[in-house]
Amino acid sequence: MRNKQWGLGLFSLLVYLFLLGPLLIISITSFEPGTVLKFPPDGFSLHWYRHIFEVQMFPKTFTTSIIISLLGNILSLLLGIPAAYALNRFSFKGKDLLNAAFLSPVLIPGIVLGFTMLKYLLVTYHLPLYAGLLVGHTVIMLPFIIRVVGSSLSSFDFAIEEAALSLGAGPLKTFFKVVLPNIRSGIIAAVLIAFLESFNNVDISLFMTGPGVSTLPIQMLTYVENYFDPTIAAISVLLMVLTGILMFGIEKLMGLSYFTKR
Amino acid sequence: MKKTYLYWLLLPGLLFLSVFMIIPIVLTIGSTFFQAERFTLSGYVDYFKDPYFLKILLTTLEVSVAATLLSILLGLPVAYYISQKAPRRKGVLLALAIFPLLTSPVVRSFSWMIILGRKGLINNLLVDIGLIDKPLTILYTPVAMMIGMLHLFLPMMIISLVGVLENIDGDLMTAAQSLGASRAKAFFKIVFPLAMPGLIIGGILVFVGSLTAYTTPALLGGKQRVISTFLYQNAMTLNDWYSASIIATIMIVITFVVVGLMNKWANKLNPKG
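Which chain is which? The protein sequence lines are A and B, in order. Just so you know, we're using the numbering used here here: the first sequence kicks off at 808 and counts up by one. Just so you know, we're using the numbering used here here: the second sequence kicks off at 15 and counts up by one.
Isolated chain A (complex conformation) (with noise of 0.2 Å):
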C-alpha cells in the first residue's frame, strides 16, 4: 500500500510547491540591495525594510488598516454576537432565512458592494470617508463573526444558562458571568478571522479611500502601478509574519478545523 502512495505524494509535493512557491520567492526577493527586483537577488540588503518605515505612506495606511479593523471588529460583536446567540438559543420561524440574510455579505461581490456603498453611503448619505469605511468593513466583518461565535454557540450547553437563570440570576448576569466566559476562545478566534478579512480587504476599500484617507492593501497597490522595487516583497514579508501570529492564534483558540467545516 505505502509504494503506492509515492506518486500521490511527488503530486501533493508539486501542488505545495505551486503554493508556498511564489511566498518564498517574494520573502527572498526582499533582500534585494538594487532598485530592481529580482530573483534570484543579487546580496544580502535589509535597506528595503528601512524604507518602508521612511516612506511616510505606509506606517500611515498601516495604522488606518489596524484602526478600521478594530473599531469594525468592535461594531461587528456589538450587532453580532446578540445576532449569533438569537440564532443558536432560540428556534423560530423564518430562523434560516435571517441566518442567510446575516451571512449574505459573503455572497454579494464585494466589487459590487464597494460600488453601491460609495453611490449611498458617501454620495447619497454624505457620511465621511473614514465612516464610510468603518461601515463598509463592519458590514463585511459580521458574517464571521456570526459564524465563529453561532458555532461555539452551538456547542454550548444551554442547561448550564437555565440552571444559572432558574438559581435566581437574571437574563443580563446569566449571559455576562455564564455564557460569555464559555464562548470565549470563540469569540477571540472570530475576532482574529474577521481582523484578517478587514485587513486584507480590497474590493470595498478601494471605493472608501480618497485624499488622505487610505488603507495598507490600496497603498501597496497604487505604489504597484508606480514603482516596481523591493519596498513591496519587504512589506509582504511582514505580513506573512503577522498572518503566520494570528494563523497560530486561531489554531490555539479553535483548532484549523474551522476551515475544513463549511
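Incorrect hints may appear among the rest.
Distance windows between CB atoms, simulated [to be verified]:
#, chain 1, residue 1, chain 2, residue 2, range
1, A, Gly-1056, B, Ala-195, 43 to 51 Å
2, B, Ser-56, A, Ser-834, 32 to 40 Å
3, A, Phe-1055, B, Phe-206, 47 to 55 Å
4, A, Lys-867, B, Trp-22, 34 to 42 Å
5, B, Phe-270, A, Ile-1052, 34 to 42 Å
6, A, Ile-1052, B, Val-40, 47 to 55 Å
These are computed hints drawn from the structure, not numbers from a lab. Even for Gly, the Cβ is constructed at its ideal location relative to N, Cα and C.
We have chain A; now place chain B onto it with these hints.
Using the frame of chain A, we list chain B on its own:
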C-alpha cells in the same frame, strides 16, 4: 426565556445590514431600469449588443472556468492525500494550505508578477537554458490571470474537499479492493461520488471567487479587462455610474444563478443534506 428578547437581539444587526448593504444594493439594481425617469431595459440591451463588453464577459468566464477545472484537477488528489494522513501530519499539511489563503491577495498576486514578468523568474530561466531567445509575454495575459486565480482559490478547493473526504470511511476502499476493484476503480466508484458535495462547494467558491476577484486581474491582467475591473473602471475612471450599476447587477445575477444552480445540484446528490 421570553421570545420578545429574540427580536431585540436580532434587530440591531438586521437594521445595520439593511441600511448599509441591502438598501444600497436594491436602489442600485432599481436605478438600472430607469433612464430620464422612464422605465427601460435599453441599458441591458446595449450592453449585451456591445462586442467589447461581451469579450470582457467571455474572458472572465473563460478564466473562471479554467481556474475551477484546474483547481479540481490539482485539488482532489492533494485533498485525498491529506485526508489519508495521521492527525499530526494532516494538521501540518492543512496549515500549509490555509496559510496562503489568509495571506493578502495583493501579496500573492504581486509574487506572480515577479515570476511571470518579462524579466521574471520563468523568462530568465528559459533564456538561461537557451530554450528561448526573447522573453515570452506571460504577464498581462488571461493565462497569467488564470494562474493567479488558481493560486488564490486552490486552497479553498483543497480544504473543502478535505472536510468531506475525512468523513468517508476508509474501510470502504479496502472492501472494494479486496473484492477485486483496482485502486483507481475503487477511488472513482467510491470516493469520488462521496466527495461530490465537497467538489461542488469547492467549485462554487473557486468559480464565484474568480468571477468577482479584483486584485488579481488588476495586477496580472494589465490592459486585459475582466468584469470586476471593468466595473471599477466605469465607476471610478469614467465616472459612468449608470454603466457601473448595470455591470454590478449583471454580476449579482450571475453569482446568484451559479450559486443557486450548484446548491440545487449538491442537494440532489445529497438528499440527507
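Hint check:
no.: 1; hint: Gly-1056/A x Ala-195/B: 43 to 51 Å; verdict: holds (45 Å)
no.: 2; hint: Ser-56/B x Ser-834/A: 32 to 40 Å; verdict: violated (52 Å)
no.: 3; hint: Phe-1055/A x Phe-206/B: 47 to 55 Å; verdict: violated (35 Å)
no.: 4; hint: Lys-867/A x Trp-22/B: 34 to 42 Å; verdict: holds (40 Å)
no.: 5; hint: Phe-270/B x Ile-1052/A: 34 to 42 Å; verdict: holds (37 Å)
no.: 6; hint: Ile-1052/A x Val-40/B: 47 to 55 Å; verdict: violated (40 Å)
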